[in-house]
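Listed below are the residues making up each chain.
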Amino acid sequence: MAPRSDGSLAAGLAPSASPGRRRWSSVVRWVPSLAIGAVLAYLVVVPIALMLLSSVRPGGFPLDPGLTLGHYASVYGDPGFPALLWATVEFGVGSSVVALAIGLGLAWLIERTDLPARGVVRVLILLPMATPPLLMAIAWAMLLSPRVGFINQILTDAFGLRTAPFNIYSMLGLIFVQGLAFVPTAYLILAPSFRNFDPSFEEAAMTSGAGTWRLIRRILLPVLWPSILSAAVFLLMVSLVVFDVPGTLGTPAHITVLSTRIYYLVSDSPGGIPLYGRVGALAALFLVLLLALASAYHRLTLQAQRYRTVTGKAFRPRAMRLGRARPAAILAVIAYFLLSVAAPVAALVWMSLMPYQTRISWPALRLATFDNYRDLFVNGRVVASVAHSAAIAVSTATAVTVLALLVSWLAVRLKVPGGRVLDALAFAPVAIPGVMIGVALVYVYLTLNGIVPIYGTIWIIVVAYVTQYLPFGSRTMSGVMLQLHPELEEAALTSGAGRVRILWRITLPLMWPAAAAVWIWVAAHALRELSSALMLQGRENSVVPTLLWDYWAGGEPTRAAAVGVGLTLTLVLILGLWQAASRRGTKFV
Amino acid sequence: MTVMLRVDSLTKIYGNGSTEAGGVRGASFGAGAGEFLTLLGPSGCGKTTSLRCIAGLEEPSGGEIEINGRVVYSGARHIRVPTAARDLAMVFQSYAIWPHMTVYENVAFPLEARRLGNAEIRRRVESVLAMVGLSGMADRPAPFLSGGQQQRVALARAVIKDAPVLLLDEPLSNLDAKLREEMRAELRDLQRRIGTTAVYVTHDQEEALALSDRIVIMHAGSVVETGTPRQLYFAPRTSFAARFIGQADLWPCRIAGRGEDVITVEAPWGVVHSRCFPDDLGAALSLMIRPEHVEIAPATAPDGGASLTGTVARVTFSGRLAEYEIEVGGALIRAQGTTARLWEPGSKVRLRLPPDRCVIVNGGGEA
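Taken in sequence, the protein lines are chains D and V. Under our numbering, the letters of the first sequence match residues 16 to 604, in that order. Under our numbering, the letters of the second sequence match residues 2 to 368, in that order.
No wet-lab data here; the hints were simulated from the structure. Ideal placement from N, C-alpha and C gives every residue a C-beta, glycine not left out. You may find that some hints are simply not true.
Negatives, chain D to chain V, calculated, CB over 10 Å [said to hold, decoys possible]:
{"#": "1", "residue": "Val43"}
{"#": "2", "residue": "Leu300"}
{"#": "3", "residue": "Glu502"}
Derived, one-sided and incomplete: chain D residues facing chain V with beta-carbon distance under 10 Å [to be verified]:
{"#": "4", "residue": "Pro501"}
{"#": "5", "residue": "Ala506"}
{"#": "6", "residue": "Ala507"}
{"#": "7", "residue": "Trp527"}
Construct the complete structure from the given sequences, taking the supplied hints into account.
Here's what the structure looks like:
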């Protein structure tokens, strides 16, 4: 999947004759690929296969007898299905467009113009990652719910309105919140190509007599087009399957999308028994949709690399003068931070200090109490969830880092036979949404319960998260591994060092900062992931996001807010660490 | 001179077996103890691939490689000694200085890999650092080195192994012109002092001429010609070598008469005598004349047997030297002279072409 350098280290290490000549050594060469391949297949292929199998079983379980297409008929023949599909597309496309538009604007302002305090803005832009989409949705419900939303109340009081001006429980509301939540992702994909755009392209255009507008239209946009397109496809891929926002805001609005439909088929089916057969049939559509998008994404990123604008020479990007538009640009950036960070966090903090849901006002301030926070430390359920979350985050991050390191080392560096397949397997889960991984694991561990009894424990959640974050881990590691000059390891070979010494003394120390960055990123995301944990929730394995979900859905917004504030603070801390580690990660390459 | 390196019919085919750039097709060469051998050729000629095959970083498709009397690779006999067990050290084009280590740790690594004691390692690292002029820099972290210093660390790390064969892959190409000439001299000095056999890869013919005892010229994966710098400059045997080393005019020619040690050839613009020609004269021949070997005299000067008359068509003046294009019999012959005497366009001149400098080479005018 990734561009390859030549396989010199493999040649320098393997003491074998050409393949096929010495049968035993060629068998030995396959051992690492087969071992890692088996782990990856177990994580990625088995769940999907079992899920698809169960979609054609009358009883909905993989080991049931019989074959049927009944589940497909009932899912796709349902008169509500076109509406479901339409809502999913509307939500997905809508939120992607919002995120892309804001992300493009911010990337351009920060990387290519003379916006003041760009350095600070560049770091702050990642702040919204500390408020997971679930929290964003909850906070915006507090701000814009038609009856009790803070902003709605303030506006109706101020202008004497009859009805609330905004309603977050609507398709527009869903798109707005999800769009905002995606902005950092859009920015992170787009910013590097804006930043690395070789100024000599621009200078050549200007000396050819092109003005600003022509420059943007004829040079900047065409060169950046592949990056923009790949960001769009990536966002679409995620937004079509995302659960948190539609799960939180969609139900009161009677808006159901694919992901929430699957959740309700499992948790709220009319007969009380999860309709796993139908879930499998519905998930099959997901799979087709996402595989198509993933292959498009892959092709686009390859193209983006061909357009890669880094020349290796140090240069300072040309900053475009904003001139009279400068105040407007500053206001726009401030507005973005207000909407994505300040307003939601303020709503959460207010709510968390109240004994019950209270509108924002001076007199209400007298009610303020830390009871909700005190509860965090004494309530057994909260304490258990925090402990579970911490254990899951640490195990997941460690497992992903080790696996990703091994895969990238085997596939990129040693070029073991089958390395491409390993790489592809590790990347494949990018096309499998959390809800689906959650559901698929239900099949696996209900089936395997006699052999691997982890159903209902925190370990099933670890398995789900490892699968979910493996693509990020292996992508990052392979990227750094590719950037490490192969001669660094070859020099160790010609110095007379063996395989283990090279890995230990050269490769690992050089990969260490990147590994730390991956570890922290995965830990942070494991702390905030809701959808798969929700699908796998049992009595013994509640985590912080599911606790938050339960409090919110159970009508305890003040407790939910306190948990949310705690989670946000933790995530801010971890993301700060991640930033520091990533910066070190690029030190050597 | 004992043979230190022997490369025999080395073949390396990439991917689908097409004659893709960088492959090697049956290259054979060798180097004696203490010899400085250079693999020279345009990019994609297979010189770096050959070096990497010798190092064991690339697995050949066939042939045989012997280092210090030990066969390290043989396609026919299924011998394949891993890199770490080969008697060699290598300097890389990118230097490959490990950024997470200090200068000392970088240079000590080969000894550490050999599990020597700390005191012994320290003694040897210090002496090698002194040898490359880096005394007192031992504790500096690698990222804080200039290009020239990195080059010296890379050299020290290779030299400390005391391997009988030292491989160098375009080690000077990343330095600026002035530093390159400095390092060139130091490199040659160092190699002589420690008496190692050096195999040096470059595409820079000037570098090759200045450094080497012997040069192997490669083209499209094969060895075209091997010789000392003087042999290749004064008496190349192929048109490719003639073009690749120095400046040369090549003219298609036909043998008109043959004496004991002199051949009379007919070039498009006239007849000259050559006393320099290969033993194995082929069907297609070219006459090579280097502009700096053409002597220009006034048209009134005596003929002397080996001369032609012509008219100066163009002069390019560069201070120390002047380049001329001189029209002779409808063709333009390039010549070069010091500016002690300058000829103006239109001047009638007599050209002297010494038979020792009229070289007949195998191959047509096209390389």
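Comparing the hints with the structure gives:
1. Val43: 14 Å, holds
2. Leu300: Answer for Leu300 (chain D): holds, closest chain V Cβ roughly 40 Å.
3. Glu502: Label violated. Min Cβ-Cβ 4 Å, cutoff 10 Å.
4. Pro501: Holds: closest Cβ of chain V sits about 9 Å from Pro501 (chain D), inside 10 Å.
5. Ala506: 4 Å, holds
6. Ala507: 7 Å, holds
7. Trp527: Interface hint status for Trp527 (chain D): holds (8 Å vs cutoff 10 Å).
Checked against the numbered hints above, the structure breaks only hint 3 and satisfies the rest.
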